[in-house]
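Colleague: Below are the chains, spelled out letter by letter.
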Amino acid sequence: METTWLLTVLGMPLLAVLVLVALRGRLASRPRAAGWIAGGAAALSLLSTLTLIPSLRAGVDPSVHMRWIPAAGIQFGLHLDALSLPFLITEATVTLVAILYSWGYHHVDDRTPYYYALLMLFATGMAGTTIADDMFLFYIFWELMLVASCVLIALWGEGERRGAVALKYFIFTHLGSLLVLVALILLYDAAGSDGFAALRDGISLAPSLTRAAIALFMIGFCVKMAVFPLHLWLPDAHTVAPMSVTIMLAAAMLSMGTYGILRFPIGIFAAADVAPFGLPMMILGVISEFYGALMALAERDVKRIIAYSSVSQMGYILYGLGTLTRQGVSGAMLHVIYHAIVKALLFMCTGLIIRATGRRTISDLRGLGKAMPLAAIATGVGALAIAGTPPLGVFDSEWMIFAGGFQTPYLGLAVLSVLGSLLTVAYALWFWVRIFAGQQPEDLEVGVIPRAMSVPSVALAILSLVAGVLPGPIFGWAERALDLVRGGAW
Amino acid sequence: MRVLLLAWIALPALAGVFLLTLGNRRSPRRARWVGLSAFAIASVCAALAVGRAGEPTGIAFEWLPGAGRMALEAGASGLYAAAFTTWAGFLVLLGTWSDLEGSSPLSRSMGLAAVALAAACVAFLSAHFVLRYAALEVAALCVACAPLAERTDAQRATLSPFVYLILRFGDAWLLAAIAILAAATGSLAIDPALEAGQALQGPALGWIALGLALAVWVKIGGWPFHVWVRAGSALSLRSRAWLYATVMPNLGLYLLYRTAPLLAAAETVRVAAAWVGAGGAVVAAYLAVARIDEDQGTVHALAAHGGLALLLGAGGLKGEVWIGISALTVLRTLLHLVAGLPARRVRAFLLAAGALATAGWGVCVAFWAGAAGLPAAPRALAEVGVALLIAWAVAVSARAVAAVRARTEPAPHAAPWAQCAAAGALGATLLAGIAFLAPLLERLARASGTGLAADPAALALLSYLAAAPAIWLALPLALIAWRLGWRLPAPPGADLGDGQRLDRGLARLGQAPRAIEVGVLERVVTSVSQGAVRIAEWQRRWIEQGILESGVAYVIRATLGAAGWAWHTVERDGIERLPSRVAQSALTVAGWAWRAVEREGIEALPRRVAQSAFAVARVLQRRHTGMLRRNLLWVVGALVVVGVVVYLAW
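So the protein lines, in turn, are chains A and B. The numbering of the first sequence is this note's numbering, which starts it at 1278 and goes up by one. The numbering of the second sequence is this note's numbering, which starts it at 9 and goes up by one.
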């Protein structure tokens, strides 16, 4: 039964792609049905994921293994374990929310079935990356994410530069993917099989090759995480992409880099091999934290402000991973989840503002608090959450990351990382105050917001509060995940 | 006890949430009733709980897995601190009963106050560092949101982030200190962690002490961090007197009370904190003397007390800091409530009593600092601050008396009875406290489980004052200033009393530091913030859009150029032309081969053979024709050849 649910996780979005493409002609007369099909598939995918939680709790990891290319020893393997679960739930939830949001945001036309089909393909890529149990399949899904999102940006992006931005996004992230590919090939050579099981059993590589493989993985996954200075694709891609895609990019796809780092370099290699990379990761994390926050302060485009915030937040995550302590890495994992909730919320609120006013330069927006009270409250919750204000969720993960940092010998760096959060507070408050406080200009008209856009935003605002006050289940997942990595020996 | 604690915290929290979410739909009178009722019930709960302080009961729960069990405990010191803050809040709300400034600001302001009360109580009663931090953050948020809730002008957009950022600065250091302490001691429970922390040494202890000192400094509003307290001047009396002047400074003082031994254990930080506290007290007291208005003067005087409290903390004087919480709660609230009353004798009396008691508390602090054996230099500096506080108190008292004397007609409106009652109650508390100082101190010291460095009996204080050179040096300066002010020509039409002259003289004397604060300090802060934004913009323009983008563009161009070159060289000139070149070479070789082999070789062979044959034939013809001898020789030769061929063939 678990196998069926596991296949459903991946199969429902794929099925939706096929249905949407096959019925595109009929759907042209009822374009909203495409959104319903995609939403239904996303909901079923999430439901299937949630259904698998009891099995995992009982110690049974659902998995599927089939022969695929026997000549090369390549198989089609899917496996859900405690490490994959938090990422899979995050990805599935974000996909569902993004689809629901796009019901209100997306302008319906005869290409709409393709739009939803590509969104589903994008979701398939992310889900597949998370539950793939062999390297070949992992890389295929990894690239599927890129291709689907790139096409979405190129075809449905905002502005005339969408083609150039899509190309830039493709080149940057594909270069990262190539580094990952080289590292995967090294592992494949060493293990003699492309299954993750062989990697879990342990591999033997020459020290220089081990270092090279870790470095390749780190750089490749850092490109996906958009950590400074590999972030240059992110602000443009997030700004130009349609809002639903932006939400999926920022809230779900960025987390794939973290998953990759946990699954491969930290998960496979010995602690002593990864240890030399800890300090560079921490330093790069702190730089990214400061740099992204400063950029967010300097930006004027509301969407780009939130995009740069992602660069800063990924800095926290990289810093937490770099501590290589149980608390720090656990905090990084939690931060992925909380960041996904909050970042989706902030982008949704930004979408509400853009949709209602038709403006996206922050200096053109002022005093919207009275005209858009719901958006003001939701954005306020998001801004306070991203600023790490308790009891909202991000505080919990930030606390873990900082506490992990102080367990390392680098106290100065740890203090710096805490003080960097002040810049986060600064841009988050500045963002909210500039848009919602003050007097609304007379020439600023506020339009009606579709309920499909406002309801998910409010739901996420509530979720970020609930997840902060009752962090037990999420913490539990993170703890179980860390028990898997390094055999729980931290 | 658990029920009491729950009611004490949950009722204000619920009332606050109700007022913030639904309050603006209700009438302001109903909002006022909801707020005041919550504070009244909380005050009753506090009174009941104080009677059972120290009972080993509490509320324990799990919040952050891995951070240990969190608990709210009924320990005496936290309970008393929470009770003082709650009672002060009730009196302030009672005192501002008639303050109905429109429904929305009132309900929001009341709601923020109620939530802040709940958060402050959690912070006081918490036995866990992370819970305390979270509660402090919520309280800070309430404090920062007050301008947003109450003001409608453009300043609300700048004041709230400004206040929150400063408070977060302190909290960031607190968080760092907590994390280092937890990493070093392995515990997040406050008592065990602090106990184990005192045994620490080296940089870890230094970082912890630094973080705690900065957190305390910001929260108690010591100079120059008093700027966030000053922002409260633009708010209602309710927020000014309680949220800004009582809740956050009390939380800071309580933090100092708990962590004073740790602060005193780190020698470098201890000395630095003593200097900074004393120096800040001097500057703030000086600014209080050079007051811009009554309220600003009070803010600066209380900021001076923040500096003095830091000095006490540096001396490890836990008990004295603890007593400061109760003393300053009464004084702060009294000074704020009285300041807004119409000029009458009662007001003058209460204001003078409050101001002089504030100065008197400064004398006590200096007295204890001396007894604790703090270094002489910062102690002398603190004494100068105390002298200036005395001058401020004299000025305030004189002004109050002069205002009563100058009043020729009755007050334009009736005195707000609630404000008078609240101020009267606080004044009575103050006088009772002074009258029964010794038993009060004993009771408070017993509650906190600490002792005092020295008993502040009247005789001991007087003998200390008599032997405090810095005070006697600073006070004459204030007198000289007063004389200068008296001799200065009065502005046309102004009829100044003695008190006002003193005030003018002191004000002129205080213009210099005021100018420093307004002209330099604020500009420095503005410049720093503008600088940060400019740096960010520069970074964006030059690095993100400039160097980085250009760099990336250059790299891309270079890559494309290299790719083009490679394409030209390898693809078009190399790979693409290779076949043609190969073909050409092949053709050339073929041509050469054709020429050499085919045309010159194979094709030419028959021709050459033929030509040779012809040549031979012609030679032979020449040879076998003509003379017979040559013909015979040809026959013989031909026969030999034939014979050889036949021989070879055979």
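Source of the hints: derived by calculation from the structure; they are not laboratory data. Quick reminder that beta carbons are idealized off the backbone N, C-alpha and C, glycines included. Any given hint could turn out to be false.
What the hints assert, rightly or not - Cβ-Cβ distance ranges computed for the label pairs, FRET-style: (1) A:Ile1739 <-> B:Ala204: 38 to 46 Å; (2) A:Ile1560 <-> B:Tyr562: 20 to 28 Å; (3) B:Ala55 <-> A:Ile1739: 50 to 58 Å; (4) A:Val1746 <-> B:Ala207: 49 to 57 Å; (5) B:Arg37 <-> A:Ile1739: 52 to 60 Å; (6) B:Ala15 <-> A:Arg1334: 54 to 62 Å; (7) B:Ala280 <-> A:Ile1417: 45 to 53 Å; (8) B:Pro211 <-> A:Ile1560: 39 to 47 Å.
As the list claims (entries may be wrong) - Now the stretches of chain A that chain B is said to cover, found in silico as 3 or more residues with beta-carbon under 8 Å: (9) 1380–1392; (10) 1465–1477; (11) 1689–1699.
Claimed, not checked - Partial list, computed: chain B residues near chain A (C-beta under 8 Å): (12) Leu156; (13) Ala165; (14) Leu173; (15) Val648.
Colleague: What are the numbers of the hints the structure violates, in ascending order?
Modeller: Of the numbered hints given earlier, those the structure breaks are 3, 4, 5, 6, 7, 8, 9, 10 and 15, listed in rising order.
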